[in-house]
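Peer 1: Single-letter residue listing:
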Amino acid sequence: MRGRVSRKTIFGFIGPAVIGLAVVGIAPLLYALWTSLHFFNLTKLRQVEFIGLKNYLTVLTDEVFWQAMGRTFLLLGTALPLQLAFGLIIALVLHQPGLTLLKTLTRLSLVLPMATTYAVVGLLGQVMFNQKFGVVNQLLGGADINWIGDPDNAFLMIIFWDVWQWTPFVALVLLAGLSMVPGEIEEAARLETSSRWTVLRHVQLPFLLPGLVAVLILRTADTLKLFDMVFTLTRGGPGSSTEFISLLIQRVGFRAFDQGLASAQAVILLIITIILAQIYIRVFYKEVN
Amino acid sequence: MKLKSLFASTAIAAMLATGALADSHGWSLKKAAEPYAGTTVDVVFLLRPGYEAIEAMLPAFEEETGIKINIIKHPYENALGEQVRDFVAGGDLDIALIDLVWIGNFAENEWILPLADVQAKFPDAVDPDLDIDDFFPLVLNAFGGWNDTIYGLPFDNYSGLLFYNRCMLEEAGLDGPPKTWADLKDVYGPALTKDGKYAFALQSKRNETQSADSFARMLWPFGGSFLNAEFKSNLLSEESQAGLKFRQDLMQYMPDGIVAYDHAETVNGFAQGDVAMITEWSAFYSTVVSPETSTVADCVEIAPEPMGPAGRKPALGGFSLAVASQADEAEQAAAYLFIQWATSKANAREYLERGGVPARQSVYQEDGLEEFKFVPALVESWQDGVPEFRPRFAEWPEITEIVQEWGTKIMLGEVTTEGGAEEIGTRMEAVLEAAGYYSGDKPLAQ
Chain Z
1 MRGRVSRKTI
11 FGFIGPAVIG
21 LAVVGIAPLL
31 YALWTSLHFF
41 NLTKLRQVEF
51 IGLKNYLTVL
61 TDEVFWQAMG
71 RTFLLLGTAL
81 PLQLAFGLII
91 ALVLHQPGLT
101 LLKTLTRLSL
111 VLPMATTYAV
121 VGLLGQVMFN
131 QKFGVVNQLL
141 GGADINWIGD
151 PDNAFLMIIF
161 WDVWQWTPFV
171 ALVLLAGLSM
181 VPGEIEEAAR
191 LETSSRWTVL
201 RHVQLPFLLP
211 GLVAVLILRT
221 ADTLKLFDMV
231 FTLTRGGPGS
241 STEFISLLIQ
251 RVGFRAFDQG
261 LASAQAVILL
271 IITIILAQIY
281 IRVFYKEVN
Chain Y
1001 MKLKSLFAST
1011 AIAAMLATGA
1021 LADSHGWSLK
1031 KAAEPYAGTT
1041 VDVVFLLRPG
1051 YEAIEAMLPA
1061 FEEETGIKIN
1071 IIKHPYENAL
1081 GEQVRDFVAG
1091 GDLDIALIDL
1101 VWIGNFAENE
1111 WILPLADVQA
1121 KFPDAVDPDL
1131 DIDDFFPLVL
1141 NAFGGWNDTI
1151 YGLPFDNYSG
1161 LLFYNRCMLE
1171 EAGLDGPPKT
1181 WADLKDVYGP
1191 ALTKDGKYAF
1201 ALQSKRNETQ
1211 SADSFARMLW
1221 PFGGSFLNAE
1231 FKSNLLSEES
1241 QAGLKFRQDL
1251 MQYMPDGIVA
1261 YDHAETVNGF
1271 AQGDVAMITE
1281 WSAFYSTVVS
1291 PETSTVADCV
1301 EIAPEPMGPA
1311 GRKPALGGFS
1321 LAVASQADEA
1331 EQAAAYLFIQ
1341 WATSKANARE
1351 YLERGGVPAR
1361 QSVYQEDGLE
1371 EFKFVPALVE
1381 SWQDGVPEFR
1391 PRFAEWPEIT
1401 EIVQEWGTKI
1411 MLGEVTTEGG
1421 AEEIGTRMEA
1431 VLEAAGYYSG
1441 DKPLAQ
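Taken in sequence, the protein lines are chains Z and Y. Here my numbering is used: the first residue of the first sequence is 1, the next is one more, and so on. Here my numbering is used: the first residue of the second sequence is 1001, the next is one more, and so on.
Treat the hints as calculated values from the structure; they're not laboratory data. Fair warning: this is a prediction, and the values are worked out from it, not measured in the lab. Glycine included, every Cβ here is placed at the ideal spot set by N, Cα and C. Misleading hints may appear alongside valid ones.
Here are the simulated lysine-lysine pairs, DSBU-like style, with alpha carbons at most 35 Å apart [said to hold, decoys possible]:
| no. | chain 1 | residue 1 | chain 2 | residue 2 |
| --- | --- | --- | --- | --- |
| 1 | Z | 44 | Y | 1031 |
| 2 | Z | 54 | Y | 1232 |
| 3 | Y | 1373 | Z | 225 |
Quick look at which bits of chain Z chain Y covers, simulated, 3 or more residues with Cβ under 8 Å [as the list claims (entries may be wrong)]:
| no. | stretch |
| --- | --- |
| 4 | 37-48 |
| 5 | 72-80 |
| 6 | 90-104 |
| 7 | 211-223 |
Go ahead and model the full structure; you've got the sequences and the hints to work with.
Peer 2: Okay, structure coming up:
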């Protein structure tokens, strides 16, 4: 039939991507699944054996795992709303007419935090939040706040850096959403009401929702796997105060070398991430539709 | 003058190392290395003074032997993981760099070869002047030995020492360093903690520093230990608890956030004059006496660690080098030649002068060591050390994680010393049970 694309052509175009994805994504995942069903300690490879779901049982009943998970969700629950709030404010300001050059410069500067390597952010944090000579305490009038060595302050510091680094991302996504609002509708709405909240809620928000869902999914996944910045900044300490789930998995897998248990933790984390992503899509996308 | 003496000793060491004198035995490094010229040996080094010292000496070895030493540098925290992955994957490493707590792990996995096997395999490579009895016995057995077999030769050698700022002590009217931990807390602590300065800093970051430098350091002098004779937890014993409670009491004389202090922060605090005393590894001596890195270089004095009710029991740590079993024959022979050269009597003086700490007894009997103030304390400490300061069995990587977590929680006051010790004990025993120590599958060796 004329116009029909042959299977070979389809495979030719899609095949390489599928094979690439299988090699770099699915194969390691399958290997992690296999490992999670075994006693698999790198320093005891002679004792590798199939143990069924024992690793999963250990993870699910391990209070350290759930404490780390709780900490991770506490970070998500505090940092993400702040990022959304600040991001929305920045997006709305940049959406105002006029000051084109200034807005362009602002947009460009918003990319900088995102472009900074996580590990560098952590190292910056070590210097800036140093109790004795850090710039943060200097800006606070020579305060003597122990940021890195105090469990609560260390957690606040992680929230600060996460918000600093990822608010611009939220702002840019929401700004893109705002630019999708048809100008005449927005203008008409502004003639109808002087309430900015009403315009935002009934005119702009529906256009922001797809971006918001993307932000929620990406930031949730990013927070659940947040590692580099925390590792270089606090290494999970002091104590366990900043030991988020990804740091725990790294500790179990690469410092205690229990790859089986770490794989089970990672698989459970993956399941939680997928469930959350599904919830976001179902709850918010309904409204968009 | 200093430079002159360095050149002179370098020349002598070079003569010895290149075999000019060893030729009298009919053996020379050059001749022994001939079959292996062009071989590349891969080894992991740490970012510490002892490694910089040997790296600076390396051109002489490479020129003499034609063997290329490929150094892969890692911070301490990454060194074990990198090596384990390399050995598991059958990678490129030809030499294992072994912290004393890794030796059981490496030996039981047969990643390293017993020294005697290597020497039997390559008899022509063995230097007649090796003189293995010249190593401090404690150091050789603890760093390089496992289950009565020597695998590695001590290379980067530490003992815990008391570094103190003589000027600060004199200003406070204190005559000399504290002899006991009790004095340090009750006399020196109140006298030296004032005006933003602290009497003492005990590095306690949640990594091996927490287990080795903080937790274990307070167990042994008070008569405590990780395990009793039956390999059950001894952390709830009166002695262990006394040590852990002492650590809590001592924290009032330490900087805030001491649980975030690693070696770098502690040494820096001392070197900047913020802390009057620290108990640190001998390897950091060169950092605190160098005017480039220390504002108190002229005030630094060294003493053995204070004594507790059970005696001195200073911290013991350090690294040996062993030939990796995964290397091919030429690499094994070349690796052995390098290890033998790097730890030799002939090179010990130059190694010391360049910032390393050799484990050769003979070098500390030489004249002209006055500038190395740590030597008397180090030699004394290596008489009193405890080989199992941290258990050296294969399960230590798992157990140290437990100690790090709960040891830090104890310091932060999140659990009591009894509660933390109970948690560590329960989890530690579970690891040991799974490993087969209680069923008799494994000997109770640590």
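Peer 1: Run every hint past the structure and note whether it holds.
Peer 2: The hints, checked one at a time:
For the proposed pair residue 44 (chain Z) and residue 1031 (chain Y), the alpha carbon gap of about 40 Å is over 35 Å, so the pair is violated. Simply put, residue 54 (chain Z) and residue 1232 (chain Y) have alpha-carbon atoms about 25 Å apart, close enough for the 35 Å limit, and the pair holds. A distance of roughly 48 Å separates the Cα atoms of residue 1373 (chain Y) and residue 225 (chain Z); the hinted pair therefore is violated under the 35 Å criterion. Requiring three or more residues with a Cβ within less than 8 Å of a Cβ of chain Y, the coverage given for the stretch 37-48 of chain Z holds, as 4 such residues are present.
Counting residues of the stretch 72-80 of chain Z whose CB lies closer than 8 Å to any CB of chain Y gives 0, which falls below the minimum of 3, so the coverage claim is violated. Coverage of the stretch 90-104 of chain Z by chain Y is violated in this model, with 0 residues showing a Cβ closer than 8 Å to a Cβ of that chain against a need of three. Figure legend: the stretch 211-223 of chain Z, annotated as covered by chain Y; annotation inconsistent (0 residues with Cβ-Cβ distances under 8 Å, at least 3 required).
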